[in-house]
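Chains as they are written, first to last, in UniProt numbering: chain A, 1 to 308; chain B, 1 to 481.
Quick caveat, the hints were computed from the structure, so don't treat them as lab data.
Heads up, some of the hints might be wrong.
To be verified - Below, in silico cross-link-like pairs of lysine-lysine (DSS-like), each with a Cα-Cα straight-line distance of 30 Å or less: (1) Lys363(B) with Lys47(A); (2) Lys47(A) with Lys476(B); (3) Lys461(B) with Lys479(B); (4) Lys47(A) with Lys471(B); (5) Lys47(A) with Lys47(B).
Said to hold, decoys possible - Derived DEER-like restraints, expressed as beta-carbon distance ranges: (6) Leu124(A) with Lys283(B): 52 to 58 Å; (7) Ile151(A) with Lys197(B): 33 to 39 Å; (8) Gly285(B) with Leu148(A): 17 to 23 Å; (9) Arg149(A) with Asp155(B): 54 to 60 Å; (10) Lys460(B) with Gly50(A): 31 to 37 Å; (11) Lys197(B) with Gly110(A): 41 to 47 Å.
As the list claims (entries may be wrong) - Here are some chain A residues the structure puts well away from chain B; computed CB gaps all over 10 Å: (12) Val10; (13) Thr40; (14) Phe63; (15) Trp64; (16) Val76; (17) Met91; (18) Val123; (19) Ala143; (20) Leu159.
Positions of the beta carbon are idealized from the N, C-alpha and C atoms, including for glycine.
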Amino acid sequence: MQHGKYRFIVGFLVLPLGLYALFVVWPFIQSIYYSFTDWTGLSPEFKMVGFDNYKRMLHDDIFWKSLQHSLLFALVLPLVTISLALFFAFMINVGGRRRKGGPVISGVRGSSFYKIVYFFPQVLSIAIVALLFQFAYNPDSGAINSLLRGIGLGSVQPLWLGDPSLALWCVMAVLVWSTTGFFVVLFSAGMASIPAELYEAALLDGAGRATTFFRVTLPLLWDTVQSGWVYMGILALGAESFAVVQIMTTGPGGPDYSTTVMVLYVYQKAFRDGQAAYATTIGVALLVVTLAFAAIVMRLGRRERLEF
Amino acid sequence: MGSTSNHGAEGVGRRDLIKRSAALGVVAAPGMGLLSACASSGGGGQKKDKAGTKTAKNPLGVNDSAGMEFVLFDGGFGKDYAEDAVKIYEKDFPKVKVKFSATQKIQSTLQPRFNQGNPPDLIDNSGAEQMDMGVLVGKNQLSDLTPLLDAPSYDDPNKKVRDTLRPGIVEMGQFDGNPVWIFYYAYTVYGVWYSQKALDSLDAQYPKTWDEMLAVCEKAKKKGMAGWTYAGKYPYYIPFSLYPMIGKVGGREVLDAIDNLEPNAWKHPAVKACFEAYYELYKKGYILKGTPGLDHIQSQTAWAKGEALFIPNGSWVENESANVIPKDFDLAVSAPSGIDGSDKLPFGTIWASGGEPFIVPAKAANPEGGMEQLRIMLSEASSKNFTAKVKSLTAYNGGTTGITLTPGLNSGVAALKLAGSNVVNPRLQDWYVQLQKEKIGVSGLGEMMAGRLTPAEAIKKIQGFADEAAKDTSIKHYKHQ
Numbered sequence: 001m002q003h004g005k006y007r008f009i010v011g012f013l014v015l016p017l018g019l020y021a022l023f024v025v026w027p028f029i030q031s032i033y034y035s036f037t038d039w040t041g042l043s044p045e046f047k048m049v050g051f052d053n054y055k056r057m058l059h060d061d062i063f064w065k066s067l068q069h070s071l072l073f074a075l076v077l078p079l080v081t082i083s084l085a086l087f088f089a090f091m092i093n094v095g096g097r098r099r100k101g102g103p104v105i106s107g108v109r110g111s112s113f114y115k116i117v118y119f120f121p122q123v124l125s126i127a128i129v130a131l132l133f134q135f136a137y138n139p140d141s142g143a144i145n146s147l148l149r150g151i152g153l154g155s156v157q158p159l160w161l162g163d164p165s166l167a168l169w170c171v172m173a174v175l176v177w178s179t180t181g182f183f184v185v186l187f188s189a190g191m192a193s194i195p196a197e198l199y200e201a202a203l204l205d206g207a208g209r210a211t212t213f214f215r216v217t218l219p220l221l222w223d224t225v226q227s228g229w230v231y232m233g234i235l236a237l238g239a240e241s242f243a244v245v246q247i248m249t250t251g252p253g254g255p256d257y258s259t260t261v262m263v264l265y266v267y268q269k270a271f272r273d274g275q276a277a278y279a280t281t282i283g284v285a286l287l288v289v290t291l292a293f294a295a296i297v298m299r300l301g302r303r304e305r306l307e308f
Numbered sequence: 001m002g003s004t005s006n007h008g009a010e011g012v013g014r015r016d017l018i019k020r021s022a023a024l025g026v027v028a029a030p031g032m033g034l035l036s037a038c039a040s041s042g043g044g045g046q047k048k049d050k051a052g053t054k055t056a057k058n059p060l061g062v063n064d065s066a067g068m069e070f071v072l073f074d075g076g077f078g079k080d081y082a083e084d085a086v087k088i089y090e091k092d093f094p095k096v097k098v099k100f101s102a103t104q105k106i107q108s109t110l111q112p113r114f115n116q117g118n119p120p121d122l123i124d125n126s127g128a129e130q131m132d133m134g135v136l137v138g139k140n141q142l143s144d145l146t147p148l149l150d151a152p153s154y155d156d157p158n159k160k161v162r163d164t165l166r167p168g169i170v171e172m173g174q175f176d177g178n179p180v181w182i183f184y185y186a187y188t189v190y191g192v193w194y195s196q197k198a199l200d201s202l203d204a205q206y207p208k209t210w211d212e213m214l215a216v217c218e219k220a221k222k223k224g225m226a227g228w229t230y231a232g233k234y235p236y237y238i239p240f241s242l243y244p245m246i247g248k249v250g251g252r253e254v255l256d257a258i259d260n261l262e263p264n265a266w267k268h269p270a271v272k273a274c275f276e277a278y279y280e281l282y283k284k285g286y287i288l289k290g291t292p293g294l295d296h297i298q299s300q301t302a303w304a305k306g307e308a309l310f311i312p313n314g315s316w317v318e319n320e321s322a323n324v325i326p327k328d329f330d331l332a333v334s335a336p337s338g339i340d341g342s343d344k345l346p347f348g349t350i351w352a353s354g355g356e357p358f359i360v361p362a363k364a365a366n367p368e369g370g371m372e373q374l375r376i377m378l379s380e381a382s383s384k385n386f387t388a389k390v391k392s393l394t395a396y397n398g399g400t401t402g403i404t405l406t407p408g409l410n411s412g413v414a415a416l417k418l419a420g421s422n423v424v425n426p427r428l429q430d431w432y433v434q435l436q437k438e439k440i441g442v443s444g445l446g447e448m449m450a451g452r453l454t455p456a457e458a459i460k461k462i463q464g465f466a467d468e469a470a471k472d473t474s475i476k477h478y479k480h481q
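Next comes chain A alone, as it looks inside the complex (with noise of 0.2 Å):
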């Protein structure tokens, strides 16, 4: 009987698992294997070639440059998020004065406006996104330095994208305006299920808003946190990053060098310069980081889980 329970659930696994196979382990052990070739990725012809792509990757200056910054990504851009993520959501579900007559526990006035405001960043693609910015960060006709101008402040008008120690920052703020919106929400819903009881407790033995917040709010809310740190962690190393360096800035990914991140080199190595083996070899570099940055994440979050 045991072994047709087996059977049973495998084959409920069989198509899923199939597709998983095919679809994304397959890939990645052909990326591998790739990157012990010399493929161009123009002509079906390759040889091996061993260890050569990565010993060149060790000693190119450029390589080093984008590992910085996609780890500078990696460690800012949820940090800065998930706080203003956090702080917002309490704001709007907990933070509010109490009002009389009122509930308990409620938000800010006007907090279910804001709540749909945060939000509406993520309602616009990512391209979009980076091609608004990319107007404002002009520094001849874009709306910051003419709102610096406006204000009587004609003498700063930074060159924003085209200053290499600022055209990071510029592209992470880009990063931080239209992710924060989804982790209010996905942070409001988990506190939505904090029951009530909690906060009233705390408000009688007189918890001021800090104090509610780091010794109520957040440990009841830590899984979600967790799960959000990992998730902007990923969209910094992978795919939103790539976009906004890719559309914004100089070059792209420069100005000399400032802004460039692993994605984009993969996609410069692979569809600009025709070094497709060279690019999976930066790909399997970034598969170590991202696998590397979950499993710090969820290493440094573990904690005794609170049942309530």
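Got chain A; can you put chain B on it based on the hints?
Okay, now just chain B, sitting in the frame of chain A:
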């Protein structure tokens, strides 16, 4: 009560979400997997169609019943001109139905087909998704177009196609040795673009020496107009006027040495003089403020609005910025100003070269058909049709009489006439794309023109990049013949 980990009570548990998002990253991160998944699994190649018999009317011996597939880059030049040429092909070979398609996604559409060995018969390999020519040539993926060049031209059976072309077209299609792999159909004039009207309003002539250039810029500055702007985000537009200037000042050999990646090629005094001249534009404040943060469209728009006088660009600018260039702008192009009277080549030395590269893949089923289509496009009638429709010259030498030329085009024709044989053709941008664009362009010239590098530092940095490229065994190297 519940727990923070929602044991499946509310649909997707949070743990699952974590696992899934991790899996998502694993999928999203090295997207290369999908590329390889669709590639190099084939490799068998397709069957060649049998060639037809060569006759006077069919000098390439096209099989008159074999299909022909033509993929066009659907960019600034549109697709009308090619569709018209396809109609002629179908008229000449009534049994054939040409499979014509136009796309902006050349690479995504065609890379898998190259990998599978069944590419189309004729490709306009252009645009942002251009496939690397050096790699295609190096991997023997292209047909030699010599038969086409030696075939009689469409209009005159006594004249070879080769003899109907503008200077530089055939050489540009060669990489090393005699075979011609690429046919550049459009003909682009690079240089300094300006509004004749604006120049007239300053009571100035186009400056022939750098002192005159600085004087004109000073005049413009007094009127609240910047001297120059350029595509700050894509500083590899600067070479369109800088390289021919280097050629004018130091002679062709300097540009050839640069293209050949010779040691110390960038340390030539002519290069130094030209870099310093351009840097002076920055130092004297003649560059439009904010230029390093502008992309090509934004800089062209600022220039068209009269915020800046000069812009380094190519002849496509007339079409690309048509909607912002005022009617009375009187667009003109000039060869770059030199340094002074001691320059090696006369004023008028200009960069002009082919654009819109057409290729016939080696593994095409009907390569004769692809070449025949090109031969049709190189007739005077088709060339005129192209020029009239898209305001650009073609590789066909002539074809401008009897049609009204736009101001920019007219000025381009005049500039070519002034240049005579002094047409230079730097090759870095098609031989070494990464070196030209992101290294020399963005990290070298871009940084210098933004004032973050001195000319000496820029030259040192660029020479370093060139030396690196010369040593890099992963790229194919080329030399001027």
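Against the structure, the hints:
| no. | hint | result |
| --- | --- | --- |
| 1 | Lys363(B) with Lys47(A) | holds, 20 Å |
| 2 | Lys47(A) with Lys476(B) | holds, 16 Å |
| 3 | Lys461(B) with Lys479(B) | holds, 22 Å |
| 4 | Lys47(A) with Lys471(B) | holds, 21 Å |
| 5 | Lys47(A) with Lys47(B) | holds, 25 Å |
| 6 | Leu124(A) with Lys283(B): 52 to 58 Å | violated, 42 Å |
| 7 | Ile151(A) with Lys197(B): 33 to 39 Å | holds, 36 Å |
| 8 | Gly285(B) with Leu148(A): 17 to 23 Å | holds, 20 Å |
| 9 | Arg149(A) with Asp155(B): 54 to 60 Å | holds, 59 Å |
| 10 | Lys460(B) with Gly50(A): 31 to 37 Å | holds, 35 Å |
| 11 | Lys197(B) with Gly110(A): 41 to 47 Å | violated, 54 Å |
| 12 | Val10 | holds, 20 Å |
| 13 | Thr40 | violated, 5 Å |
| 14 | Phe63 | holds, 13 Å |
| 15 | Trp64 | holds, 15 Å |
| 16 | Val76 | holds, 17 Å |
| 17 | Met91 | holds, 22 Å |
| 18 | Val123 | holds, 20 Å |
| 19 | Ala143 | holds, 13 Å |
| 20 | Leu159 | violated, 4 Å |
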